[in-house]
Structure formats: C-alpha cells, structure tokens
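*Asks:* Single-letter residue listing:
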Amino acid sequence: MADYRELWQKLGMDLEKHDVLCEVLPQLYGGIYLNQENRPEGMNYYNFVVAEVHGLRIKELDDHKQQGGKVVGTFCVFVPDELILAAGAIGVGLCAGSQFWIEDGEKVLPRNICPLVKAFTGAKLSGTCPYFQSCDMIIGETTCDAKKKAWEILDDYVDTYVMDLPQMKREKDYKKWAEEIYDLKDKLEKLTGNVITEEKLHDAIKLCNRKRMALQRLYNARKALDLPISGKDALLISQIAFYDNPERFIEMTNALCDELEDRIKKGIAVNKKGSKRILISGTPMAVPNWKIHHIIETSGAMVVAEETCTGTRYFENLVDETPTTMDGMVKALADRYLKINCACFTPNKGREEDIIRLAKEYKADGVIYNSLQFCHTYNIEYANVEKALKEAGIPVLFIESDYSNDDVGQIQTRVEAFLEMIG
Amino acid sequence: MEYDYYILFNTHTDGLNMAKRLKESNIKYTITPTPRQLSKCCGIAIKYEHEDEKAILDIIDKYDIKVLGLHSLERKNVDIKFI
Chain A
1 MADYRELWQK
11 LGMDLEKHDV
21 LCEVLPQLYG
31 GIYLNQENRP
41 EGMNYYNFVV
51 AEVHGLRIKE
61 LDDHKQQGGK
71 VVGTFCVFVP
81 DELILAAGAI
91 GVGLCAGSQF
101 WIEDGEKVLP
111 RNICPLVKAF
121 TGAKLSGTCP
131 YFQSCDMIIG
141 ETTCDAKKKA
151 WEILDDYVDT
161 YVMDLPQMKR
171 EKDYKKWAEE
181 IYDLKDKLEK
191 LTGNVITEEK
201 LHDAIKLCNR
211 KRMALQRLYN
221 ARKALDLPIS
231 GKDALLISQI
241 AFYDNPERFI
251 EMTNALCDEL
261 EDRIKKGIAV
271 NKKGSKRILI
281 SGTPMAVPNW
291 KIHHIIETSG
301 AMVVAEETCT
311 GTRYFENLVD
321 ETPTTMDGMV
331 KALADRYLKI
341 NCACFTPNKG
351 REEDIIRLAK
361 EYKADGVIYN
371 SLQFCHTYNI
381 EYANVEKALK
391 EAGIPVLFIE
401 SDYSNDDVGQ
411 IQTRVEAFLE
421 MIG
Chain B
1 MEYDYYILFN
11 THTDGLNMAK
21 RLKESNIKYT
31 ITPTPRQLSK
41 CCGIAIKYEH
51 EDEKAILDII
61 DKYDIKVLGL
71 HSLERKNVDI
81 KFI
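For the protein sequence lines, the chains are A and B, in the order given.
Residue numbers for the first sequence follow the UniProt record's numbering, so the first one is 1 and each next one is one higher.
Residue numbers for the second sequence follow the UniProt record's numbering, so the first one is 1 and each next one is one higher.
Wrong hints could be hidden among the right ones.
DSBU-like, lysine-lysine: derived pairs with alpha carbons at most 30 Å apart [to be verified]:
1. B:K66 - A:K10
2. A:K10 - B:K40
3. A:K17 - B:K81
4. B:K28 - A:K265
5. A:K272 - B:K76
6. B:K40 - A:K17
7. A:K266 - B:K47
8. B:K81 - A:K272
9. B:K23 - A:K266
10. A:K276 - B:K23
11. A:K265 - B:K23
12. A:K272 - B:K40
13. A:K59 - B:K23
14. A:K211 - B:K20
15. B:K28 - A:K223
16. A:K59 - B:K76
17. A:K107 - B:K81
18. B:K47 - A:K272
19. B:K81 - A:K59
20. A:K211 - B:K23
21. B:K20 - A:K266
22. A:K187 - A:K148
23. A:K265 - B:K47
24. B:K28 - A:K273
25. B:K76 - A:K265
26. A:K266 - B:K28
27. A:K59 - B:K40
28. A:K59 - B:K47
29. B:K23 - A:K17
Here are some chain A residues pointing at chain B (derived, C-beta under 10 Å) [to be verified]:
30. E23
31. G31
32. V50
33. G300
It is worth saying that the hints were derived from the structure and are not from the lab.
Glycine included, every Cβ here is placed at the ideal spot set by N, Cα and C.
Okay, chain A solo, but in the shape it has when bound (with noise of 0.2 Å):
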C-alpha cells in the first residue's frame, strides 16, 4: 500500500486527526457510490482519483512545487483558472462539503454561517486537508458576507489574495471585474515569477474551455430518457474536475462519454422506467457532499442535471477565443465569468432563466432547490425563483440543509412526498 505519510507529515497536517477522515471515507463511498447497479466501466477511473485523493493528486502537487512551481487554492467558479496556468501554477478547487471540519471552523467562526465557509475554515485550521496544506496561496472573492470577512481569519494561516466581484451587471462591472482580472495577473506573476504572455494565456484560455466542453457533452448524455448515468457519478466528476491535473481529466471524461453515448444507442440505462427526474438548482457541493443527491435517488428518482457552481454554472458559455492580444483576452473571460448567474448578483433574473431553460432541456419533471443553511443569497433569492417556476408549471421543492446526518429522514419524506405529488 503506498503510504503517503511521510508526505502528509511534510505539509505539516495533523495526522492523527487526519486518520479519522482516512478510515471513515471508504466507508462512506462504498455505501454511496459502489453499490449502485450497472454503473459505467468508465467510472473505474473516478473510483481511482477517490481512492488516491489524498495520496497520488498531493504527490502530484509536491512534484510541481519541487520544480519551483506554485500551488493555488480557490473556492467558487468566479475565480478563472486560465490565469493560474497561464502562470505555470495548478489550481485547485478546494472541498469544504464536509460536517468533519466544521467544529475547527467554529473555533473561530460564528455558529449561525453557512456550513461551506466554516467547513474550509475548519480544514485550514485543523490540518486535515492536504490540498490546502499544499497552497502557497488562496484566491478568494466576494461573493458573500460570510466568505469576505473569513478571509481576514484565513490570512493569518495561509496567503490570502481576495478579487472584488462586482455584484450588478452593468457596464461598468464589466469593466471592473476585467480590472480585477488585470490585478490578479500580476499577483500571479509575482507569486510565480512567471510573465503571463498573450501566448500562455490563450493557450490556458483553451485547455480550459475543452474542460467544459467535456463537461457539456458528459451533462449532454444526461438528457437521454434512458439515462446512461446516475447523478450522484455525474456529481463526482463535476467536483473531481476542480482539483484533477486538467489535460488528464478531459482524457478520461471524454472516455467515458464515448461509453455514455454508446450505452444511449443501445439503451443501457442506470433508471428504471418511468423514474422521476429531477433537476437540482442551489448551492454549491462540494467534496464529500453527496447528502441530496444520495437521498433523491434512494427514493427512486434521478438527478438530471445541477444548476449549481458544482454543475452548469461551472461550464456554461467558453471564453471567447478569437482575442489574442491581453486586453481582448481579458475582456473575453470577464464577458465569460459575468455570464454566471450566481445569487450574489442583483437582479438576477437570468438564473430564473437558466433554471426553467434547464428544466426543459433535462425534461426534469421537478425542480428541488437546494440551499445550504444560512446561505442569505441562495436563500431569499427563493422567492423570485418560486413564483417564476410556477409560473412555468414546474414543481419545485424547497430544502435547505447543512452537511450533518440531523435531517436525513425528514428530507427523505419530504423528497419522497414531492415525488408522489408529482406522479
């Protein structure tokens, strides 16, 4: 067995602690994801990066700080990876959809926030998370209260950088999330040492778009009425291109949909017939958070596909690649990243948009709106979404919840309930 310790020890982590998420992960992905009937063999490889998530990946990451290279964490879909590679560093998503990490994050959080920001506040604090032990350097946003003012804690244990998202989308955010973007290179490259050239950049601006282009065709094969896959993998593999090494994951997801799409010709179907398909729009999920999605389709239902940071909000719309020259490559990837509709935003009718558009095009028979606890934007921006949904004819149902096993059996009646009324 590869033991990993030595390096674990090395990124100074809290071993011993550690362990406990070591022997209950398993565990907990063997019941979740292993015992599902008639999965893709192509699976085997998301099976693999799970299994050596905290071993081969981290190894990975050392080898490229070893060569002088530098490691960025990140946590929303605003944050555009094309600059990190464009400046030679790896970028990672880092997990915080763990209830693990949040008594640490309460040491110095506020109980009453939402359970993601006090999940990677935990994981720093503790030194249970190899990922955010390797970065030399997060990059944060303001995309919430609870997040901007976390990362004034964060700063004392890690290098902090924070972009400011605008939070309208007039024409003068435009231009001031472009400036951001300007200020972000050159923290890169003096963190780095590395020039962002106009030829590295468009080169990032690439790889990065045949990312979501891997992604679209993978929620692509979820529109077939014989689903090829479940919602749960097609969860996994959208957290697992956060922090996989890029050109390695486009290779396998591409893979895998060469099997999707063969498993539609021939109608080799993970649901059984006449199961209800359902539509997840809300917060993000991150790694292990597959609390909604497991619940959902132990009730006899599928998940189709996630509005979320975590699904199609993380690969919608590819950055322009006709500009070459830095202003229009800046320009294209602010153009691109202002696209998302996130609740942060105001108005944001274009996320009602995006969730109704989605609903037809998954065929979903009902919407369930997923927030995580004290998640004031996602939360209120309910409301709106609600009467716009009905408007629609589409059912929806309304859960908010944290990471703990507290109300498992009371989402999984009221799930099971909104499927009867939508029968």
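Keeping the supplied structure of chain A fixed, place chain B upon it in accordance with the hints.
*Replies:* Then chain B, alone, in the frame of chain A:
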C-alpha cells in the same frame, strides 16, 4: 454469509497495471478505495468476482504484477453516515 473480494497493491501503478490487464481479458472489476479493515494505508484496491479468481491469479503470474495479496471481506449492510 456473503463476501467481497479485493486485490491489494503496493502502489497505484501496480493497481492500474492490473486494471489494464483485467480489461484486456474482459474480466469484470471495480477500482475501489482500500477497505480500512484490510489496510490502514489509503490507496486503491481492485474488487473482483470470486469466480474470476483463478483467471486473476494467472494474470498476476503471467505479467508478474506485484500484489499485496487477494483478500476477502464479509459483506455487511452499513447505514450511510455522512461526514
């Protein structure tokens, strides 16, 4: 009592090599995290069907794949606890 069957490896490279050979031979397998009951170290294992054990031993022999042994584990229904 029902059992699940696993191959354990020294390194992920050996595991991936085994997976490649199993695929070539059309033997059904699943890459899994190593069950904690079998090893305290993280990393990959391969779950296989018991009926394929003879063919798997032949592959290990033929391609000289380094394994940490073939193991069985009693299958238990465990309640899912999110972490």
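*Asks:* When the hints from earlier in the document are held up against this structure, which numbers fail?
*Replies:* Numbers 10, 12, 16, 25, 29 and 33, in rising order.
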